[in-house]
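Colleague: Given next are the chains, with one letter for each unit.
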Amino acid sequence: MKKVKSGIKGVIIFLICVLEVYPLFWMLTASLKQQHEWSDNPAYALNEGFYFENYVDAWTRGNMSTYFLNSLICTVVSLLFIVIFATTVGFAVTKMKWKMKDTVAKIFSLGIMIPVATCLIPLFQIYNRTGLLNTRICLIITYIAFGLSLSIYLVQGYLRSFPDDIMEAAVIDGCGIYKMMWHIVVPLMKNAIVTVLVLQFFFKWNDLLFSMTFISDSSLKTVQTGLLYFSDEFGNKNWGAIFASVSMSVFPMLLVYMGLNKKVMEGMTAGAVKG
Amino acid sequence: MNKVLGNKKAIALFVVPALILYAILVLVPVVWSLYYSLYSGSPGLQWEFTGLDNYVKLFHDKNFVNSLIVNVKYVLAVTVGQVGLGLLLALMFKFWLSRCKTIVRTLVFFPVVLPTVAVGQLFAKIYEIQPNYGLLNSLLSAVGLDNLVQAWIGQESTALWALCVMDVWVAMGFYSVIFYGALLDIPDDILEAARIDGAGSFGLFRHILLPLLRPMIITCLVFSFSGTVKMFESSLALTGGGPGSATKSLSMYMYDVSFTYNNVGYGSVVAIVIFLICILGSMLINRFDVKEKY
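Chains as they are written, first to last, in our numbering: chain C, 1 to 275; chain L, 1 to 294.
Isolated chain L (complex conformation) (with noise of 0.2 Å):
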């Protein structure tokens, strides 16, 4: 037995391949952008070590902050209304529901497993005031809510919460179904015994549900944040990160240095600016769940 399992030629035949693969592709590039986070140009082309200066120049650089901003405003309505929205929907879909939960929960799950770039486009088109009408402002005026009508991503201060919106509807149903599954694990006796001891349906949340959902939510929160830190493609196919740069997050704007403008070495700063708000962020999260088990 151990001889089989320990048989060296196939270890390296299972492993090296792939681990060649993904240390070429996925670790050395992370050290490789860190290296040209130092120089400036971009390679073959005024390609000059600077040492930290992109860094300091990352903190006057206008439109870095502007993209920050964005960026950080998206993750919370983002996160928040994903994991929020799903764990109201996954309650709805325990308490109210005797019937066709199958049904409920195949179509609430539906809109997940479209393409970004597609629920984009459509949704472009939902917004859509010109040259006719999108579905959201032909219906807003058929019901009479004429003053309503506006552009919604073609303006800056409605943009970005456009973009939230759809973002929200997509992923909604993903979590409703992670929490649903989580609730169903949830022993009934512990729910009719607190109902027994007077607990009124807030009360049974607050004191009982949250609790015992505690690890999914917050495993549900870096799982959002992670997908809403990266934001990109939704951002790209619904405005390309207009009006002006209303909706331009950080890969946005690293996108456009690097590779519109060229400065490849300032781009790799805005790499790592990512790298690590991805990676402290989920840190944050994860803490919380620590605390609770000592």
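Okay, chain C solo, but in the shape it has when bound (with noise of 0.2 Å):
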């Protein structure tokens, strides 16, 4: 009886983990495929053989190409001084000794709360006056502006144990602040750093809605902009291009995970459980 419960048990943990996963499993087999098999077989079936043109059409033909070199400079760009930020204001605030620090902290953290949306609008007539819009230079800012304040608050928790007495020696040899900064502080943070960078860098490449707006000219367009609009160009026949498209943008992610899911894991769960 008690085999049998723990068994039901096992096929129920199988089923949901098939759920999540088989959607796409489905996906890549589904890039594979040519279109005269979508309307021969079910949408289910597998694919007949390895039809790897459907990624070279997306590429070439889909400008994915174009739109992965711009989401890489604007997501790398805007992670470094996220980071540079982050690590700098968050050590300022906790550390340093200076009469408005807590203020500073708190205008900081205000940001966590306020919705993207809210500030849409005259983000783009800001950057309509300047003339920054189109251009890389205002998606990176405002991914820097919109990545500090999660960032500082996370630094800020990391810091909050940070051992006194480290410093202290440092000072006695002689270390100046900017020496110290990044001779001991910056190494002994190294795990706030990567959560931060992790969180971020999903939250960055993923991002839809300041791209879609300040971007129209499509040879700056990014990764998800261009996926949005992938199925008017290719027309919404064309599954297999569309799903090769969609499989591409997924392999870096599925790549970092991959390689860091425990960092993953933590850095993209830190954001709600500190947050």
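None of these hints come from the bench; they were simulated from the model. Where hints are given, some of them may not hold.
[Unchecked claim] With a cut-off of at most 20 Å between alpha-carbon atoms, the simulated EDC-like pairs for lysine to aspartate or glutamate come out as follows:
1) K101/L - E266/C
2) K8/L - D102/C
3) K3/L - D165/C
4) K8/L - E168/C
5) K3/L - D173/C
[As the list claims (entries may be wrong)] Facing chain L, from chain C, some residues (calculated, C-beta under 10 Å):
6) S39
7) A45
8) L46
9) K95
10) A145
11) G226
12) N261
13) M268
[As the list claims (entries may be wrong)] Here are some of the chain L residues that sit facing chain C, going by a computed Cβ distance under 10 Å:
14) L19
15) V28
16) F49
17) I69
18) M92
19) V113
20) P115
21) T116
22) P131
23) N132
24) E233
25) V270
From the three backbone atoms N, C-alpha and C, an ideal C-beta is built for every residue, glycine too.
Please assemble the complex out of the two chains, which come individually in their own frames, going by the hints.
Modeller: Shown next as structure tokens:
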């Protein structure tokens, strides 16, 4: 009896896993199908062969190469600045000694609650007037500004338990503030920095609202915006190419996740648990 | 020590650039939206001060009320679905699984990392009925449930629910990992003691686990709530707000009003409403936390 019961439990959990993974598996097989397979076979059928032409199509004719490059540039540059700002501001408001530090920390933490949609119209006006609309710069600075609040909050959490003695020892040894930051604080905060990087990487890479609002030039579009209009460009019938492009946009996430799945889980959930 | 940590120049260098960027791009726009909301038209084009007229107009605006209702339904269904199923999964991992815990968690967390647009495109094809059956319809037809085959996202009655299912699918693994972490923090002796006292599975959950998990449940509710109030990307990617306006959220309505119809003043009012709902909703959920403490 007990065996039957645990067997049933096992089956239920197995089914849940299938439910979460099967759509993705289907997507991969679908991206390798030829056009005629869609009308000849039911949708759940496996691909007959490996028709990589779909990927070539998506990469060249569908402009995925351009979109990837744009997404990569915007994400990497903004991540770099987010990490720099988050560590320096986080350090300044938790460990350094000055009058306004609590107020400044509070001001930054306000941003966690502000919905992106509320800022969208004024931002559009700002960029429109300064001529920054349709440039990578406007996307990058927006990403940085909206990534700060949560990142600083996470860094603060780590720094609160950061031992003062180490800093004291460094100062006695003659370290200035910049040297201490670079040689002592940053290496010891590696975990916090990785958390921020992982979390913000997923946020920025997946951004749609900003890029579709500020960028209309198709040579500057990011992967997400590109995907959204993909079926318009390719026609709704070319399922193979659509699936290939969707799969392609998923691969970077897949790789990062496979490589660092424990770190990714920690990083992603840290935002919720501590936010 | 104090001299080094009180270095004014270093503090300025550390804080000021980020603060300026943040103030201009995040804080100023919120105030600016508030100011815009008192005008009608768009800047430079029939731009007139109308005071609170925009706010009055909201209540008579059928489209606004419609998207508000859609948004509320979506928030309720998805928040409950994500957090509830997340909790259920976490309980299964903790009490049912003895092996393969890491693999199961890795698999279940997987959809969380996918780009929303990609998920939207994928599900659009899963729900598809024309020109070929999508995955769902072909499976239904294969097991003989042909009468259930329908245009899941092409008709008003099911589109919103199809969207909700998609968003629950994406995020339940996320919440299950959070809850699982919280469950591991509960000492085994407490559970053991309750079992010895004769608590059944449900009693154990109701009287021991639920109170202990309460802060985590509230955190997750706030997190899920603030994510779902903003409802934009997923419905844009899956249905584009259609059919009709069956899945059009407040954010999408704001976007349409201000960028498609160029009525920036009125769009700002909707933006402010989203902001208020977000703040008030989170405060309301957090209230449940405070009561217990005192």
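Colleague: Please list, smallest to largest, the hint numbers that this structure does not respect.
Modeller: 8, 16, 17
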